[in-house]
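Numbering (UniProt numbering), first residue to last: 1 to 60.
Because the hints were derived from the structure by calculation, they are not lab data. There may be inaccurate statements among the hints.
Claimed, not checked - Taking lysine to aspartate or glutamate pairs in the DMTMM-like style, the calculated list, with each CA pair at most 20 Å apart, reads:
(1) Lys54 with Glu16
(2) Lys27 with Glu38
(3) Lys60 with Glu5
(4) Lys60 with Glu13
(5) Lys2 with Glu13
(6) Lys27 with Glu5
(7) Lys54 with Glu5
(8) Lys54 with Glu38
(9) Lys47 with Glu5
(10) Lys2 with Glu16
(11) Lys27 with Glu45
(12) Lys60 with Glu38
(13) Lys2 with Glu38
(14) Lys2 with Glu45
Said to hold, decoys possible - Ranges between beta-carbon positions, derived for each pair:
(15) Ser33 with Val11: 21 to 27 Å
(16) Glu38 with Ser12: 31 to 37 Å
(17) Ser8 with Phe30: 29 to 35 Å
(18) Leu57 with His32: 22 to 28 Å
(19) Pro36 with Thr4: 23 to 29 Å
(20) Asn41 with Thr4: 30 to 36 Å
(21) Ser35 with Lys60: 25 to 31 Å
(22) Gln22 with Lys60: 34 to 40 Å
(23) Met1 with Thr26: 18 to 24 Å
(24) Ala31 with Ala59: 28 to 34 Å
Glycine included, every Cβ here is placed at the ideal spot set by N, Cα and C.
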Amino acid sequence: MKNTEINSLSVSEIAERLVAEQESLTKLRFAHSISPIENPNRIRETKRFIARLKTALAAK
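Start from the sequences and build out the full structure, keeping to the hints where you can.
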């Protein structure tokens, strides 16, 4: 999701998406600690997406 798409969302939609992505990150970390996941860069991408969401939420 690009920044323009994030900025077009409402505050409640951003908050909902933020919670969902944080849960996804938790699941990825647990899965990676048990056995290495195929693409460990997904963890980094998810963390960066969460940061983008938090920035957009703070801006609004």
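Structure-based check of each hint:
Taken as a hint, the lysine 54 and glutamate 16 pair is honoured in the structure, with Cα atoms around 11 Å apart against an allowance of 20 Å. Proximity of lysine 27 to glutamate 38 is assessed by CA-CA distance (about 14 Å); at most 20 Å being required, the pair is judged to hold. Our distance criterion of 20 Å between C-alpha atoms is met by lysine 60 and glutamate 5, whose separation comes to about 14 Å. The suggested pairing of lysine 60 with glutamate 13 holds, with an alpha-carbon distance near 12 Å, which does not exceed 20 Å.
Restraint check for lysine 2 and glutamate 13: the C-alpha separation of about 15 Å stays at or below 20 Å, so the hint holds. Under the criterion of a C-alpha separation no larger than 20 Å, the hint pairing lysine 27 with glutamate 5 is inconsistent with the structure, at around 25 Å. Between lysine 54 and glutamate 5 the alpha-carbon distance is near 14 Å, which keeps this suggested pair within the 20 Å criterion. Distance restraint check for lysine 54 and glutamate 38: the Cα-Cα separation of roughly 27 Å exceeds the 20 Å cut-off, and the hinted pair is therefore not satisfied.
Restraint check for lysine 47 and glutamate 5: satisfied, since their Cα atoms lie roughly 18 Å apart, inside the 20 Å limit. Simply put, lysine 2 and glutamate 16 have alpha-carbon atoms about 17 Å apart, close enough for the 20 Å limit, and the pair holds. For the hint pairing lysine 27 with glutamate 45, the CA-to-CA distance comes to about 14 Å; that is within 20 Å, so the pair holds. Between lysine 60 and glutamate 38 the CA atoms are separated by roughly 36 Å; this puts the pair beyond 20 Å, and the hint is violated.
Annotation: proposed proximity of lysine 2 to glutamate 38 is violated, straight-line Cα distance about 24 Å (limit 20 Å). A hinted pair counts as satisfied when its Cα atoms are at most 20 Å apart, and lysine 2 with glutamate 45 qualifies at roughly 12 Å. At roughly 33 Å, the beta carbons of serine 33 and valine 11 sit outside the given window of 21 to 27 Å. Range check, glutamate 38 to serine 12: Cβ separation about 33 Å, and the 31 to 37 Å hint holds.
For serine 8 paired with phenylalanine 30, a C-beta distance near 32 Å keeps the hint of 29 to 35 Å intact. Roughly 27 Å separates the CB atoms of leucine 57 and histidine 32, a value that falls within the hinted 22 to 28 Å. In this structure, proline 36 and threonine 4 break the distance hint of 23 to 29 Å, their C-beta atoms being roughly 34 Å apart. Between asparagine 41 and threonine 4 the beta carbon distance is about 23 Å. The supplied range of 30 to 36 Å is therefore violated.
A beta carbon spacing of about 39 Å between serine 35 and lysine 60 contradicts the range 25 to 31 Å that was offered as a hint. At roughly 18 Å, the beta-carbon separation of glutamine 22 and lysine 60 lies outside the given 34 to 40 Å, and the hint is violated. Between methionine 1 and threonine 26 the C-beta distance comes to about 19 Å, which sits within the given range of 18 to 24 Å. Alanine 31 and alanine 59 have their C-beta atoms about 32 Å apart, which keeps the hinted 28 to 34 Å range intact.
Comparing the model with each earlier hint shows violations of hints 6, 8, 12, 13, 15, 19, 20, 21, 22; every other hint is respected.
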